[in-house]
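2 protein chains.
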Amino acid sequence: MIVCAGSIAFDTTNTPFRRVERALGGSASYFGVSASFFTKTSLVSAVGEDFPQPEWNALSKHCDLQAVEKLKGKTFFFESTFDFDMQNRTLNKLDRGVFEKHSWAVPQSLKTPDFLFLNTHEPAFNQKVFGQVEAKMVFTDVIEYLTKTQKPFLQKFLKKTGGFILNDAEARILTGETNLIKAGKKIRLMGPEIVVVKKGEHGGLLFYDGEVFPFPAFPLEDAVDPTGAGDAFAGGFVGWLDKQKNINEKTLREACYYGTVMASFCVEAFGLDNLFSLNQAKIKVRLQEYERLSGLHP
Amino acid sequence: MIVCAGSIAFDTTNTPFRRVERALGGSASYFGVSASFFTKTSLVSAVGEDFPQPEWNALSKHCDLQAVEKLKGKTFFFESTFDFDMQNRTLNKLDRGVFEKHSWAVPQSLKTPDFLFLNTHEPAFNQKVFGQVEAKMVFTDVIEYLTKTQKPFLQKFLKKTGGFILNDAEARILTGETNLIKAGKKIRLMGPEIVVVKKGEHGGLLFYDGEVFPFPAFPLEDAVDPTGAGDAFAGGFVGWLDKQKNINEKTLREACYYGTVMASFCVEAFGLDNLFSLNQAKIKVRLQEYERLSGLHP
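Chains as they are written, first to last, in my numbering: chain A, 347 to 644; chain B, 347 to 644.
What the hints contain is simulated information worked out from the structure, not anything from laboratory work. Errors might be hidden in some of the hints.
Identical chains blur together in the list; that is why a pair holds if it fits in one copy or across any two.
Unchecked claim - Under the rule of at most 16 Å between Cα atoms (straight-line distance), these lysine to aspartate or glutamate pairs were calculated in the EDC-like manner:
no., residue 1, residue 2
1, K532, D568
2, K528, E614
3, K531, D460
4, K531, E567
5, K531, D568
6, K528, D514
7, K532, E567
8, K596, E637
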C-alpha cells in the first residue's frame with residue numbers, strides 16, 4: 347500500500363500547440379491514478395470549496411481519498427508554459443490556495459504504509475507528513491524551482507529518503523555536475539539508495555547498488571502535454587515496486603519500464619484524460635511493445 | 347569493404363575544462379579508425395604539406411590511404427567550442443585549406459566497395475565522390491551548419507542515399523519537426539531506408555522498416571571531448587554492417603550497439619588517442635558491459 351502526499355490542483359497549461367485551462371491535475375492526482383493500476387494508493391492532500399464533484403468522483407474511483415480534506419478557500423492552481431521542445435517549462439502563476447492553511451494530518455489507518463511517496467511539493471509540507479508516517483520505504487520527488495530555492499533543506503531531507511526521483515535539470519542544479527552519471531552517483535551519496543533521473547523524451551537513468559541502468563523513453567509521435575508525465579512515471583515505478591516481494595536490480599528495471607509506459611500514456615492527452623481511461627490490457631500491450639522495441643535483441 | 351570520403355583535419359577544441367590545439371582529427375579520420383576494427387576501410391581525402399609523418403603513419407596503420415592526396419597548401423583546420431553541456435558546439439573558425447582545390451578523384455580499385463560513406467562535409471564534395479563510385483549501399487552523415495545553409499541540396503542528395511546518420515538538432519532543422527520520432531520518419535520519406543538520429547549523451551534512435559529502435563548511450567562519467575563521437579559511432583555502425591551477410595532489424599540493432607561502444611571510447615580522451623589504442627578485447631568487454639546495463643532483463 348502506498349500513501350502519497352502532494353497536490354491536487356487545477357492546471358492551466360500552454361504548449362506551442364494548445365492552451366488548456368483549469369484541468370484537473372496536481373502531482374498527487376497524477377501519481378495516484380498511475381499507481382492505482384498496480385496497488386492500493388491513498389492520497390494525503392486538500393482541495394477547496396471550488397473542487398467539483400465529478401472530478402472528486404473520478405479521482406476516488408482510483409485512489410482512497412479519506413485523507414484529502416475539503417477546506418474553505420481555493421484549490422491549488424498552477425499555470426505553466428512549455429517551450430517548443432515540449433520539455434522546458436516556465437512557471438507563470440502559482441496560487442497555494444488551501445495549502446496555505448492545510449494541516450497535512452495523516453489518519454491513523456495510513457500511518458504504516460509500505461511506501462510513502464512525497465510528491466513534488468514544498469519540502470516543509472513533505473516534512474509534516476514525513477513526521478507522522480512510519481513507512482518501509484520513503485520516496486521523494488522534487489520540482490525544479492525548489493532545487494534552486496530550497497537546496498540546503500532538500501539535502502538534509504534526502505538523508506531520510508530511500509528513493510529519489512527527479513529530472514535531469516534538477517539533478518544538475520542539485521549537484522553542480524553537468525554529467526548526469528556523476529550527478530546521479532553524487533545524489534546517492536546524499537542518502538537515497540535508489541535514484542532515478544528522468545530525461546523526458548530521452549528516457550532516464552536508474553542508479554542503484556553502484557550500477558547505472560539507462561532506459562529509453564517509449565517512442566511517441568504525439569506527445570501533446572508533458573504535464574504530469576514525471577508523476578505518472580513515479581506512480582508506475584513505485585506502484586510496481588509495491589507489488590514485488592523484493593527490491594533488486596530486476597524489479598527496479600521492471601519498475602523503470604512500467605514507469606515509462608505510464609508516462610507515455612500520460613503525455614498522449616491533455617491532463618488526466620488518458621490515465622483515467624486506461625486498463626490492465628492496454629498497459630500490458632504497451633509494455634510488451636516497449637520491451638520489443640528496446641534492448642539489443644529484437 | 348568501405349570507402350569513406352571526408353576530411354582529415356587539425357582540430358582545435360575548447361571545452362569548459364580544457365583547450366587542445368591542432369589535434370589530428372577530421373570526420374574521415376574518426377570514421378576510418380573506428381570502422382577499421384571491423385572491416386577494411388579506405389579513405390578518400392587530402393592533406394597539406396604541413397601534415398606530419400607520425401600522424402600519417404598512425405592513420406595508415408588503421409586505414410588504406412592510397413586515395414588520400416598530399417597537396418600543396420594547408421591541411422583542413424576546424425576550431426570549435428563546446429558549451430558546458432558538452433553537446434552544443436559553436437564553430438569558431440574553418441579553413442578549407444587543400445580542399446579548395448582537391449579533385450576528389452577515386453582510384454579504380456576503390457570504385458565498387460560494399461559501402462560508400464560520405465562523411466560530414468560539403469555536399470558538393472560528396473557529390474563528386476558519389477558520381478565515381480558504385481557501392482552496394484551509400485551512407486551519408488551531415489553537420490549542423492550544412493542543414494541550415496544547404497537544405498535543398500541535401501534533400502535532393504538524400505534521394506540517392508540508403509542510410510543517413512545525423513544528430514537530433516540536424517533532424518529538427520531538416521524537417522521542421524520538434525518531435526524526433528516524427529522527424530526520423532519524415533527523413534525516411536526523403537529517401538534513406540535506414541535513418542539513425544544520434545542524441546549524444548542520450549543515445550539514439552534507429553528508424554528502419556516502419557519501426558523505431560531507441561538505444562541509450564553507454565553511461566560514462568568522464569566524457570572529456572565529444573569531437574568525433576558521431577563519426578566514431580558511424581564507423582562502428584557501418585563497420586559492423588559490412589561484416590554481416592544481411593541488413594535487417596537484428597544486424598542494425600547490433601550496429602547501433604557497436605556504434606555506441608566506439609563513440610564511448612572516442613569521448614573518453616581528446617582527439618583520436620583512445621581509438622588509436624583500442625583492441626578487439628576492449629571492444630568486446632565494453633559491448634558486453636553495455637548489453638548487461640541495458641534492456642529490461644539484467
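Status of the hints after comparison with the structure:
In the homo-oligomer, the alpha carbons of K532 and D568 lie at most 16 Å apart only across protomers (14 Å), although the nearest pairing inside one protomer, at 34 Å, exceeds that limit. For a Cα distance limit of 16 Å, the shortest separation of K528 from E614 across copies, 14 Å, qualifies, whereas the shortest one inside one copy, 32 Å, does not. Taking the shortest Cα distances, K531 and D460 never come within 16 Å of each other, neither inside one copy (26 Å) nor across copies (44 Å). When the C-alpha separation of K531 and E567 is checked against a cutoff of 16 Å, the pair qualifies only between copies, where the shortest distance is 9 Å, while the shortest distance within a copy is 32 Å.
When the C-alpha separation of K531 and D568 is checked against a cutoff of 16 Å, the pair qualifies only between copies, where the shortest distance is 13 Å, while the shortest distance within a copy is 33 Å. In this homomeric assembly, K528 and D514 come within 16 Å of each other (Cα to Cα) only inside a single copy, at 12 Å, whereas the closest approach across copies is 23 Å. With identical chains, the CA atoms of K532 and E567 are at most 16 Å apart between copies only, with a shortest distance of 11 Å across copies and 34 Å within one. Taking the shortest Cα distances, K596 and E637 sit within 16 Å of each other both inside one copy (14 Å) and across copies (15 Å).
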